[in-house]
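Chemist: Residues per chain are reported as follows:
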Amino acid sequence: MKATLPVTPTKIKLTAGNDTLLIEWSDGHLSAYPYRYLRDKCPCANCSEARARTPSAGSLIPIFGAKPLRPERAELVGRYAVQIYWTDSHSAGIYSFAFLREMCPCAECMAKGKDTSGA
Amino acid sequence: MSRKVSPQDVLNALRAVEDPDLHRDIVSLGFVKDLEVGDNRVAFTIELTTPACPVKDQLAASAKQAVHALGVAEVQVRLTSQVRTAKSGKDVLIPQVKNTVAVASGKGGVGKSTVAANVAVALERTGAKVGLLDTDVYGPSVPALMGGSAQPRVVEGKLEPPVECGIKIMSMAYFLPKGEAVIWRGPMLHKTIQQFLGDVRWGELDYLLMDLPPGTGDIQLSLSQTIPLTGAVIVSTPQDLALTVASKAIAMFQKLNVPILGIVENMSYYLCPQCGHREEIFGHGGAREAAHKLGFPFLGEIPLDPAIRLQSNGGRPVALVDSTAYGKVFHEVAGALAAQISIVNSQTDQPISIE
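Chains as they are written, first to last, in our numbering: chain A, 1 to 119; chain B, 120 to 474.
Simulated from the structure, these hints should not be mistaken for laboratory data.
Misleading hints may appear alongside valid ones.
[What the hints assert, rightly or not] A few chain A residues that don't get close to chain B, going by computed Cβ distances all over 10 Å:
1) PRO9
2) LYS13
3) SER26
4) LYS41
5) ALA74
6) GLY78
7) TYR80
8) PHE97
[What the hints assert, rightly or not] Derived DMTMM-like pairs (lysine to aspartate or glutamate); straight-line CA-CA distance at most 20 Å:
9) LYS206/B <-> GLU75/A
10) LYS123/B <-> GLU155/B
11) LYS123/B <-> GLU193/B
12) LYS175/B <-> ASP210/B
13) LYS11/A <-> ASP210/B
14) LYS11/A <-> ASP468/B
15) LYS183/B <-> ASP158/B
16) LYS11/A <-> ASP27/A
17) LYS11/A <-> GLU24/A
18) LYS183/B <-> ASP210/B
19) LYS13/A <-> ASP144/B
20) LYS11/A <-> GLU166/B
21) LYS13/A <-> ASP468/B
22) LYS447/B <-> ASP468/B
23) LYS374/B <-> GLU108/A
24) LYS374/B <-> GLU72/A
25) LYS277/B <-> GLU323/B
26) LYS374/B <-> GLU49/A
27) LYS310/B <-> GLU102/A
From the three backbone atoms N, C-alpha and C, an ideal C-beta is built for every residue, glycine too.
Kindly produce the complete structure, drawing on both the sequences and the hints.
Modeler: Take a look at the structure:
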């Protein structure tokens with residue numbers, strides 16, 4: 001339980017091109033999250049429960065005519081997380097930095113599996 | 120023998136004076152201001168990061184000595200302070216509050232509220248602007264500890280916090296009719312925390328101390344989500360068991376990226392008011408050892424004394440009188456806490472940018 005500084009984002013770019021959200025981390029790592037990937041992993045209680053009930057559902061059924069999915073804005077939550085406000089009106093997800101780093105989809109992190117705490 | 124020195128000579132000499140907490144010299148830290156160089160006379164200001172700086176006299180003495188060593192006969196050092204903040208300008212709720220400190224404990228009965236109230240008083244007595252927020256909605260005790268009978272008023276649609284012992288205070292106790300209890304669930308508590316922060320006219324504060332309820336619950340989480348806390352202080356009694364329980368509170372704050380500013384050992388020993396004998400009735404040093412093992416700063420030991428309890432319940436925090444043993448102890452803890460806040464602020468990275 002040493003008092004070392006945890007890895008945190010230094011910059012969050014909501015529109016980094018190619019429908020991805022970019023996070024620059026304090027240890028120099030870069031994470032690029034496709035919007036769909038990030039939205040599908042929303043950690044709020046409702047989404048978590050929906051995924052548990054129908055694990056094969058993956059993406060929500062696309063609603064024709066809906067606005068293209070992207071994060072409209074994001075706000076810091078305390079010192080440990082960010083809350084994303086999506087264009088599909090969903091905003092209950094509080095994504096902790098630890099969670100975001102754990103699910104970084106880059107090849108290096110995916111190869112390491114769970115061992116991406118960075119602390 | 121007089122010697123003409125240049126301002127650059129003085130600054131170079133002062134680079135030898137290092138702040139023992141921030142590990143940099145006072146010139147590169149930007150502390151040295153208002154430098155005046157005359158014939159055989161030098162005057163300057165050292166602007167500290169807190170009026171409660173525990174090493175301010177040492178810094179002033181070292182600085183004076185460094186300039187005397189240049190051959191200057193008359194050296195005048197003025198000490199001022201400007202409390203720094205690590206917050207970005209974007210804080211909507213409490214933009215003028217520079218530092219927020221949660222005072223927590225793993226379990227109840229360790230005297231956390233008394234510690235919070237007295238440390239707040241001790242900080243205020245050094246010249247800092249201090250607020251004390253009682254977030255223990257179920258057992259609010261702060262107004263009773265501080266004494267006085269001021270009540271909150273509504274000014275321009277917000278609550279004006281009563282001031283006792285020079286400190287702005289807010290507590291659920293002001294709103295509960297005598298004998299009534301609060302029986303609320305999570306969302307009400309969360310809303311209350313937001314209101315106690317955003318709807319209270321805290322004004323410009325150097326330190327806002329928050330007395331938390333014991334343990335790890337809704338209020339701790341709400342607080343850590345609502346604002347970016349500067350850090351947390353953990354209050355524990357000497358028994359190891361108490362600290363094992365405190366470990367849960369520590370783990371919770373770490374998960375929320377809230378820095379642990381330090382551990383305080385309360386009821387550390389009994390000081391006999393008659394003969395001054397010191398008896399370690401709960402064992403001793405458990406919290407200090409645990410802090411050392413875990414790598415957290417240890418802020419001090421506060422003795423158990425009937426006077427603290429009597430005065431607390433009688434509404435006069437012992438820290439008001441800094442010439443007594445208790446006054447001195449709280450003054451030291453306050454200084455240690457202020458130093459840790461300065462250190463944490465100096466280590467905090469640039470605010471996270473979202474674009």
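Chemist: Next, verify each hint and record whether it holds.
Modeler: Cross-check of the supplied hints:
1. PRO9: violated (5 Å)
2. LYS13: Given a closest Cβ separation of 6 Å, the condition is violated.
3. SER26: violated (6 Å)
4. LYS41: Holds, since 19 Å exceeds 10 Å.
5. ALA74: violated (5 Å)
6. GLY78: The claim breaks: GLY78/A does not keep its Cβ more than 10 Å from every Cβ of chain B (closest is about 4 Å).
7. TYR80: violated (4 Å)
8. PHE97: It is violated; PHE97/A is separated from chain B by about 7 Å at its closest Cβ, not greater than 10 Å.
9. LYS206/B <-> GLU75/A: holds (15 Å)
10. LYS123/B <-> GLU155/B: holds (13 Å)
11. LYS123/B <-> GLU193/B: holds (12 Å)
12. LYS175/B <-> ASP210/B: Roughly 31 Å between the alpha carbons, so the hint for LYS175/B and ASP210/B is violated.
13. LYS11/A <-> ASP210/B: holds (17 Å)
14. LYS11/A <-> ASP468/B: holds (11 Å)
15. LYS183/B <-> ASP158/B: holds (16 Å)
16. LYS11/A <-> ASP27/A: The hint holds at about 12 Å.
17. LYS11/A <-> GLU24/A: holds (5 Å)
18. LYS183/B <-> ASP210/B: Violated. LYS183/B to ASP210/B sits at ~40 Å, over the 20 Å cutoff.
19. LYS13/A <-> ASP144/B: violated (37 Å)
20. LYS11/A <-> GLU166/B: violated (32 Å)
21. LYS13/A <-> ASP468/B: holds (18 Å)
22. LYS447/B <-> ASP468/B: Roughly 34 Å separates the two Cα atoms, so the pair is violated.
23. LYS374/B <-> GLU108/A: violated (24 Å)
24. LYS374/B <-> GLU72/A: Answer violated: LYS374/B to GLU72/A is near 27 Å, above 20 Å.
25. LYS277/B <-> GLU323/B: Since the Cα atoms of LYS277/B and GLU323/B sit roughly 15 Å apart, the hinted pair holds (cutoff 20 Å).
26. LYS374/B <-> GLU49/A: It is violated: about 23 Å lies between the C-alpha atoms, which goes past 20 Å.
27. LYS310/B <-> GLU102/A: violated (31 Å)
In summary, the numbered hints that this structure violates are 1, 2, 3, 5, 6, 7, 8, 12, 18, 19, 20, 22, 23, 24, 26 and 27.
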